[in-house]
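S.K.: Just so we're aligned, residue 2 is where the sequence shown starts under the numbering used here, counting upward by one.
In short, the hints are calculated from the structure, not lab data.
As the structure is a computational prediction, the values presented were derived from the model and not from experiment.
Please note that a few of the clues may not be correct.
Keeping only pairs whose Cα atoms sit at most 30 Å apart, straight-line, the calculated DSSO-like set for lysine-lysine is [as the list claims (entries may be wrong)]:
1) Lys12 to Lys180
2) Lys12 to Lys78
3) Lys78 to Lys52
4) Lys12 to Lys52
5) Lys63 to Lys12
6) Lys77 to Lys52
DEER-style ranges, computed between Cβ atoms [said to hold, decoys possible]:
7) Asp83 to Phe184: 50 to 58 Å
8) Gln39 to Asp5: 20 to 28 Å
9) Trp37 to Ala238: 55 to 63 Å
10) Asn108 to Tyr43: 31 to 39 Å
11) Leu170 to Asn98: 40 to 48 Å
12) Tyr43 to Val198: 32 to 40 Å
13) Arg237 to Trp103: 26 to 34 Å
Every residue, glycine too, gets a C-beta built ideally from N, C-alpha and C.
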Amino acid sequence: MFLDLEAVYAKGRDEIIVRDTNFGGNSNPVRLNPYWNQINVYTNQGSSRYKAFIASLNGQLKRGDLVTASLTIGSKKNISDDFSPVFPYGYPSDPANIDGEWGRSRNDERVRLVLSGVFHLPWNMIVAPIYEYGSGQPWNHRLGYDFNGDGKNSDRPEGVTRNSEHGPLYRNLSLRITKTFVFGAGRLDVIVEGFNVFNTVNYDVTSVDAAEFFAGPTLANPAAAYVPNPNFGNYRATLNPREIQLGLRYHW
């Protein structure tokens, strides 16, 4: 058995982001050049940081059985996930305050565990399971309407950082069973593969309804009433359910 321990630290700077350079910000919500509307510019104001501890275990047991385990505990933060964001949701909440976009990366996952093995059983059978666990990726809590009047719908409530909401857990067990039949000089493998064997419901974090309101007070109209979104925080899709497939392989 071999145990490998690693620590990883990576820092990025001058990463490409997109921001509207013709908006004065939430403290001055006007067009700096009144003859133009949005001026979306690629800049190198982005940055990122990744920290992780990784433990891996690999080894061979009796009869040639193999086991592997990998545990990653990490944290990834950045200014922006995309230099080609989806309009109108993927832009800065306040384009004049880029530092305020510092938060969890969209693919940040604090804990990731993968266990796998290959086990030889009697009667010419081999069982190979793979189990995956993920603590969940974040999603971005949005107001749901254009609060500051910059023409985009990426505004967050005051005090809420980017990708602050914790997404659903991920759990999956896949299994491969091979039974071998010997016919003289030939050999037939009957293979059964199952994915998400326990039919665990894993919600798709990208399907979340991230808008808290349909409408509400804005900088231009602070007296407007909030119109809550009853589906806020609900997931509208799941990842793949249980799948089973059969296969035959003949050797001669």
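S.K.: Hint by hint, which ones does the structure fall short of?
M.R.: Hint check: 1, 5, 8, 9, 10, 11, 12 fail, others pass.
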